[in-house]
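Engineer: Which chain is which? The protein sequence lines are X and L, in order. Note that the first sequence covers residues 1 to 132 in the numbering used here. Note that the second sequence covers residues 133 to 265 in the numbering used here.
The set of hints was computed from the structure by calculation and includes no laboratory data. Please note that the accuracy of each hint is not assured.
Among chain X residues calculated to face chain L with C-beta under 8 Å, some are [to be verified]: (1) I51; (2) L79; (3) L104; (4) A105; (5) L107; (6) A124.
The beta carbon of each residue, even a glycine, is placed where N, CA and C say it ideally should be.
Residue strings, one per chain:
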Amino acid sequence: MAGPAGTSQRTPLGRVRGLGAAGQGVGGYLRQRLGAVGLLILAPWFVLSAIRAASGGHEGVVAWLQQPVNAVGVALFILVACFHMRIGMNTIIEDYIQKSGSRLALLALNALVVVAAGVAGLYAVMMIGFGN
Amino acid sequence: MSEWTDRRPLSPHLQVWRWHPTMLTSILHRVTGAANYVALLGVVVWLMAAAAGPQAYATVQGLLGHPLVWIVLLGAVLGLSLHIASGVRHLVWDFLNIGWSPRAANLGSWMILGGGVVMTALVALHAFGMGGR
């Protein structure tokens with residue numbers, strides 16, 4: 001890989017890819033904005049819709065999630081929110097945690113928390129949607 | 133190893149700056165993002181309780197009836213509202229490439245703060261109209 005200067009077969013782009021403060025290029029930046037655009041619609045819809053559903057107690061929430069449109073909407077909201085918040089929290093960790101060990105541990109913890117939240121949220125939605 | 137050993141003076145940090153609107157909204161965007169992270173975990177707990185059945189849901193609903201929890205929920209909605217308003221501004225900056233002048237940026241920051249509060253008030257009215265949970 002790192003032979004004498006000028007003898008590497010790798011292109012300059014290939015060498016820097018995966019490096020930098022975050023270990024990635026602008027990928028996180030673009031994905032963060034893609035998620036943001038989706039959440040611009042999903043998040044307000046979820047809050048208003050969930051408040052309406054919650055006013056009907058447990059039955060109200062179940063009836064709400066048994067409507068396919070609502071189940072898909074909530075599932076999408078959970079997925080996109082997890083996607084968006086993982087990138088955001090990664091950025092915060094990368095900015096403030098200098099020690100590479102703790103940084104790696106927190107990044108891993110973030111990934112686990114986000115995946116756990118996503119799986120739990122989707123499972124709950126499907127369980128109610130498919131009628132317990 | 134991890135201790136700061138560089139003896140040169142550090143650059144001025146948070147405490148020396150006068151607070152101004154763009155600084156406030158910049159910091160708030162990050163803080164509210166972290167708050168939304170926690171709030172979403174709460175949403176997942178709520179969904180799991182609903183899936184677990186009426187008894188589990190009743191436990192969570194009992195918590196939601198507490199006035200202190202209302203304040204937390206209102207704070208969560210305010211955090212989300214501010215993050216959305218500030219997020220829109222970031223999208224405008226990044227993709228339309230407008231609003232960069234100090235005047236426009238300060239005005240935008242005030243609009244974000246006002247808009248966030250108005251959005252929160254609308255959600256609170258909506259919740260109140262629905263019977264306050």
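Engineer: Next, verify each hint and record whether it holds.
Structural biologist: Each hint tested on the structure:
1. Given the 8 Å rule on beta carbons, the hint for I51 of chain X holds: about 5 Å separates it from the nearest Cβ of chain L.
2. Taken as an interface hint, L79 of chain X does not check out: its beta carbon lies about 11 Å from the nearest beta carbon of chain L, beyond 8 Å.
3. Among the interface hints, the one on L104 of chain X is violated; its C-beta lies about 14 Å from the nearest C-beta in chain L, farther than the 8 Å criterion.
4. Below 8 Å, beta-carbon pairs count as interface contacts, and A105 of chain X has none with chain L, the closest being about 14 Å; its hint is therefore violated.
5. The interface hint given for L107 of chain X is violated, since its Cβ lies 14 Å from the closest Cβ of chain L, which is over the 8 Å cut-off.
6. Below 8 Å, beta-carbon pairs count as interface contacts, and A124 of chain X has one with chain L at about 4 Å; its hint therefore holds.
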